[in-house]
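So the protein lines, in turn, are chains A and B.
Quick note on numbering: the first sequence equals residues 1 to 112 in the numbering used here.
Quick note on numbering: the second sequence equals residues 1 to 111 in the numbering used here.
Please note: incorrect hints may appear among the correct ones.
[What the hints assert, rightly or not] Ranges between beta-carbon positions, derived for each pair: (1) A:Pro-69 to B:Pro-39: 30 to 36 Å; (2) A:Leu-51 to B:Ser-11: 42 to 48 Å; (3) B:Leu-8 to A:Ser-59: 21 to 27 Å; (4) A:Lys-18 to B:Ala-77: 46 to 52 Å; (5) B:Tyr-31 to A:Thr-7: 28 to 34 Å; (6) A:Thr-7 to B:His-110: 33 to 39 Å; (7) A:His-79 to B:Leu-61: 38 to 44 Å; (8) B:His-71 to A:Ser-20: 39 to 45 Å; (9) A:Lys-18 to B:Met-55: 47 to 53 Å; (10) A:Glu-67 to B:Asp-78: 42 to 48 Å.
[As the list claims (entries may be wrong)] Coverage of chain B stretches by chain A, computed from C-beta distances (three or more under 8 Å per stretch; other residues unrestricted): (11) 43–56; (12) 93–99.
[To be verified] Here are the simulated DSSO-like cross-link-like pairs (lysine-lysine), alpha carbons at most 30 Å apart as the crow flies: (13) B:Lys-67 to B:Lys-36; (14) B:Lys-36 to A:Lys-40; (15) A:Lys-41 to B:Lys-67; (16) B:Lys-56 to A:Lys-41; (17) A:Lys-41 to B:Lys-70; (18) B:Lys-70 to B:Lys-36; (19) A:Lys-41 to B:Lys-36; (20) B:Lys-56 to A:Lys-22; (21) B:Lys-70 to A:Lys-40; (22) B:Lys-67 to A:Lys-18.
Derived from the structure by calculation, the hints contain no laboratory data.
The model shown is predicted, which means the values in this text are computed figures rather than measured ones.
Glycine is no exception: its CB is placed at the ideal position from the N, C-alpha and C atoms.
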Amino acid sequence: ETGVTQTPRHLVMGMTNKKSLKCEQHLGHNAMYWYKQSAKKPLELMFVYSLEERVENNSVPSRFSPECPNSSHLFLHLHTLQPEDSALYLCASSQDLPGELFFGEGSRLTVL
Amino acid sequence: GEDVEQSLFLSVREGDSSVINCTYTDSSSTYLYWYKQEPGAGLQLLTYIFSNMDMKQDQRLTVLLNKKDKHLSLRIADTQTGDSAIYFCAERSGGSYIPTFGRGTSLIVHP
Numbered sequence: 001e002t003g004v005t006q007t008p009r010h011l012v013m014g015m016t017n018k019k020s021l022k023c024e025q026h027l028g029h030n031a032m033y034w035y036k037q038s039a040k041k042p043l044e045l046m047f048v049y050s051l052e053e054r055v056e057n058n059s060v061p062s063r064f065s066p067e068c069p070n071s072s073h074l075f076l077h078l079h080t081l082q083p084e085d086s087a088l089y090l091c092a093s094s095q096d097l098p099g100e101l102f103f104g105e106g107s108r109l110t111v112l
Numbered sequence: 001g002e003d004v005e006q007s008l009f010l011s012v013r014e015g016d017s018s019v020i021n022c023t024y025t026d027s028s029s030t031y032l033y034w035y036k037q038e039p040g041a042g043l044q045l046l047t048y049i050f051s052n053m054d055m056k057q058d059q060r061l062t063v064l065l066n067k068k069d070k071h072l073s074l075r076i077a078d079t080q081t082g083d084s085a086i087y088f089c090a091e092r093s094g095g096s097y098i099p100t101f102g103r104g105t106s107l108i109v110h111p
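Just chain A, with the same shape it has in the complex:
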């Protein structure tokens, strides 16, 4: 495995479900990010972790809950989502802050 891997690639969930998105980076980086990509909107930064500590929480609703158990893994726990939360969720990593961002392929989330 190389680069940044995200699972699942596609997820459909109801508004009352609880699910999680997973990101794993194999680059030895020490910073990880969650971004939200919606159609025709700027890429939105959600969370940043550096050395497993959250350093940025960009006014994200509490129905999104990140977790970074170690420098290689990042999770985004989802509960009680709304249809407008449907988007592509991108994970990225970098060596240090700032650093070049390496992105995963994204998890396409659909909330019914």
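Chain A is fixed; fit chain B onto it per the hints.
This is chain B only, laid out in the frame that chain A set:
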């Protein structure tokens, strides 16, 4: 308005040059980036330029920076169908560690 603005679509014929434009508002921007997102994939850094430069060339790619007008452009020479993708402009000031992205420009290359 948005911090980084790009037009949403650009259509070109194969073999022609493509020019993707971007404007930004932060006058303290120090680093400016172009990322490429191919269908079904994440973003990949294509090239970047420091604010003390006005041009950078890398094979078929030419980046032009007009700092006075806060305007960045990416020129792709001899555009190929494989260049069809979404291109994101991003900027970062020296005091920030996170780049700010635009909406992305969808480049469509037709025969």
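> Any of the earlier hints contradicted here, and which numbers?
Replying inline: Failing hints, ascending: 20, 22.
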